[in-house]
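Given next are the chains, with one letter for each unit.
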Amino acid sequence: MHNYIFLISILLVTYYMVIVKRLPALVGGFRLQSLFLFFITVSFAFSEKESALYIVAGLIFLLKVILIPSFLTGITKKIKVNENLGLFLNPQLSIFIVLLLTYLSYLFTFKMMSFADKMQSVTFALTLCVTLTGLFMMIFRLKAITQIIGLMVMENGLFLLAVTMCKGMPFLVEISIFLDVFISVIILGIFVYRINTLFTHIDVNKLTNLRG
Amino acid sequence: MILLCILSIPLLFTLAPFFVKELRSLGRLNAIGHLAVLVAVFYFALTTTLPVKFFDFFYVDALSVFFLFVISVVTFAASLFSIDYINEDASSGFISERKAKLYYVLFNFFSFSMLLVPMVSNLGMVWVGIELTTLASAFLVGFYNNKTSIEAAWKYIIICSVGIIFALLGTTIFYYAVSQAAAKTLNWHEIVPLAKNLDANTVKIAFLFILVGYGTKAGIAPMHTWLPDAHSQAISPVSAMLSGVLLKTAIYAILRFSIITNACVGVDFTSNLFILFGIISLIISCGFILVQKRIKRFLAYSSIEHIGVIVTGLGFGGLGAYGALLHIFNHAVTKSFMFFGAARVVKKYKKDNLNVIKGVLSAMPFCGVMLVLGMFAISGMPPFSIFFSELFILISGFSQGRYFISGLFLALLAVIFGAIVYHLSRILFGKKPESLKPGSEALSTKLSFLFLLIFMCLVGIKVPVFLNKIILAALEILKGVSHGL
Numbered sequence: 001m002h003n004y005i006f007l008i009s010i011l012l013v014t015y016y017m018v019i020v021k022r023l024p025a026l027v028g029g030f031r032l033q034s035l036f037l038f039f040i041t042v043s044f045a046f047s048e049k050e051s052a053l054y055i056v057a058g059l060i061f062l063l064k065v066i067l068i069p070s071f072l073t074g075i076t077k078k079i080k081v082n083e084n085l086g087l088f089l090n091p092q093l094s095i096f097i098v099l100l101l102t103y104l105s106y107l108f109t110f111k112m113m114s115f116a117d118k119m120q121s122v123t124f125a126l127t128l129c130v131t132l133t134g135l136f137m138m139i140f141r142l143k144a145i146t147q148i149i150g151l152m153v154m155e156n157g158l159f160l161l162a163v164t165m166c167k168g169m170p171f172l173v174e175i176s177i178f179l180d181v182f183i184s185v186i187i188l189g190i191f192v193y194r195i196n197t198l199f200t201h202i203d204v205n206k207l208t209n210l211r212g
Numbered sequence: 001m002i003l004l005c006i007l008s009i010p011l012l013f014t015l016a017p018f019f020v021k022e023l024r025s026l027g028r029l030n031a032i033g034h035l036a037v038l039v040a041v042f043y044f045a046l047t048t049t050l051p052v053k054f055f056d057f058f059y060v061d062a063l064s065v066f067f068l069f070v071i072s073v074v075t076f077a078a079s080l081f082s083i084d085y086i087n088e089d090a091s092s093g094f095i096s097e098r099k100a101k102l103y104y105v106l107f108n109f110f111s112f113s114m115l116l117v118p119m120v121s122n123l124g125m126v127w128v129g130i131e132l133t134t135l136a137s138a139f140l141v142g143f144y145n146n147k148t149s150i151e152a153a154w155k156y157i158i159i160c161s162v163g164i165i166f167a168l169l170g171t172t173i174f175y176y177a178v179s180q181a182a183a184k185t186l187n188w189h190e191i192v193p194l195a196k197n198l199d200a201n202t203v204k205i206a207f208l209f210i211l212v213g214y215g216t217k218a219g220i221a222p223m224h225t226w227l228p229d230a231h232s233q234a235i236s237p238v239s240a241m242l243s244g245v246l247l248k249t250a251i252y253a254i255l256r257f258s259i260i261t262n263a264c265v266g267v268d269f270t271s272n273l274f275i276l277f278g279i280i281s282l283i284i285s286c287g288f289i290l291v292q293k294r295i296k297r298f299l300a301y302s303s304i305e306h307i308g309v310i311v312t313g314l315g316f317g318g319l320g321a322y323g324a325l326l327h328i329f330n331h332a333v334t335k336s337f338m339f340f341g342a343a344r345v346v347k348k349y350k351k352d353n354l355n356v357i358k359g360v361l362s363a364m365p366f367c368g369v370m371l372v373l374g375m376f377a378i379s380g381m382p383p384f385s386i387f388f389s390e391l392f393i394l395i396s397g398f399s400q401g402r403y404f405i406s407g408l409f410l411a412l413l414a415v416i417f418g419a420i421v422y423h424l425s426r427i428l429f430g431k432k433p434e435s436l437k438p439g440s441e442a443l444s445t446k447l448s449f450l451f452l453l454i455f456m457c458l459v460g461i462k463v464p465v466f467l468n469k470i471i472l473a474a475l476e477i478l479k480g481v482s483h484g485l
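Residue numbers (the working numbering), protein chains in the order written: chain A, 1 to 212; chain B, 1 to 485.
One chain only, chain A, in its complex shape (with noise of 0.2 Å):
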């Protein structure tokens, strides 16, 4: 019962982070869906009694809780960006596609996918909504920084999928795969810096030197 108390938080902070206007805002709603991830982790690892899955849940609460968002807030602190994230589409148009995007996920679940369990169903569909929720924050946004954000939710829905589906993956993969994540953060984090500093702004919709 719990699970679907925490499955239910993620997609509810999922759409609170489409209609934020500013980026402290959505850092936050980053770390908040982080932070249910973490607890349903957690709750896997109690009930399936997978000791692996405690050490992942660690890793998503150090780095996705708190050295992601801090670090990405520290970036925002540090270049002087405008707060506001500059919306291409306005929030009312976003939350209704994204909840367009969430029907299509179940629609897709329940049509293509044949799982026994029903909890599976539900939480297949909700990985691919809050998967396809993530790219679309990466495109209808402005800042360069939420294209960060937009890509660490579609990981946020990953992680759900592998730690609710599959019990995890094999540890290792599991291991490498977060350090892999935070150096793409890292870097993703310098070239923002550098964007910044080369055009004076980080609106990626302004990036059109290279065409054709």
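Any given hint could turn out to be false.
Unchecked claim - Here are the computed lysine-lysine pairs in the DSBU-like style, where the Cα-Cα straight-line distance is at most 30 Å:
| id | chain 1 | residue 1 | chain 2 | residue 2 |
| --- | --- | --- | --- | --- |
| 1 | B | K347 | A | K206 |
| 2 | B | K358 | B | K293 |
| 3 | B | K196 | A | K111 |
Treat the hints as calculated values from the structure; they're not laboratory data. Source: prediction; values computed, not measured.
Once you've looked at the hints, dock chain B against the given chain A.
Chain B in isolation, oriented as in the chain A frame:
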């Protein structure tokens, strides 16, 4: 143990820039290191009975060896080409000495990550390896740190990361399917025998995600949008590596998954998808090649074309798959060759516009001749190697009665042939600008051209016994992908 040597050489050489002061000797040392890697791969392929398996982490069979060979050939050529190229950049003050050394660190890390991909046995680790190649090469794409290169690097890393997340989604679904069949493993050689027990529907959906995900990294249209930017903005020896081998590591990952998928749901599913995406890549690249104005961008679009050829060949199977594997090698060699040529031209003229550059043959005799040869090689003229691999693919298409697809394939190749010859002959011939003095190239640069040229001609005349043997053994593993030879 040789395998560990192959991996540890580039890893050790990431440290070399901290010990070697002089830039030129650093470059030479680097080239020697990569020669050692090439020799080691060659020696390994000749002496070892495959497959080799150790630590439950590495698993190397003929398919892996084939990709290792392609990677090591191109990285060696690129390291040879880098010596003079980087040295010139540094001595002309274009980049600082420190940055030049950083180049060698990143170069080695990049080649390490590419060599890792075909060696690991775990599909999850393959994913990690491919993500590492993105991370290692992102700085090499944005190396010059100007507006266009940073923009290209940003697009590169973002688009490839999104793609690769879909690949991870596919991998996770695969893993779910496997764990449903009561096995907790992602080692592909353990999954293949189980493939029949997997749920067909789940595997199909997983493969779709895999194809879109790794396809992004492989530059399959319509997921190719990062490719022209990254390949044209990257520092030139790295452009050669990106086009020549980075794309192929992603193809390798797709192949591994398609072996399992085919064993589970039959060959038609993947085969049709491959042909569809292959033809789309050919059509899109054909349009863009016709209208390109910049030389490296033009070569980048040509890479998309060749990836289209490879994927279509894999779709045909049989002789087509043989052609596709051969084409992977031929394209790697020839495209690197072309990027080297383009790099020299851009450096000499300080321009990259195809409309402006004139008279390369008279301004740069050596490079000019090489570019003429390369032009015919890359557009698929006999006696160069690309002609033959494309011919194999076509024969297999026609002999299977796929007349429409094969006809379209042939027509698109013909148009692209015309476009390539048109674009390159404009810059090769004509009167050179008065201000340019004809000059020759450094020995190491010449050697890198000649090294690749040997392969281009040799494979065209007769596929070397060594290469033929690996490709046939690799095909044996791909059985299932192909409709049988």
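Hint numbers not upheld by this structure, sorted from lowest to highest: none
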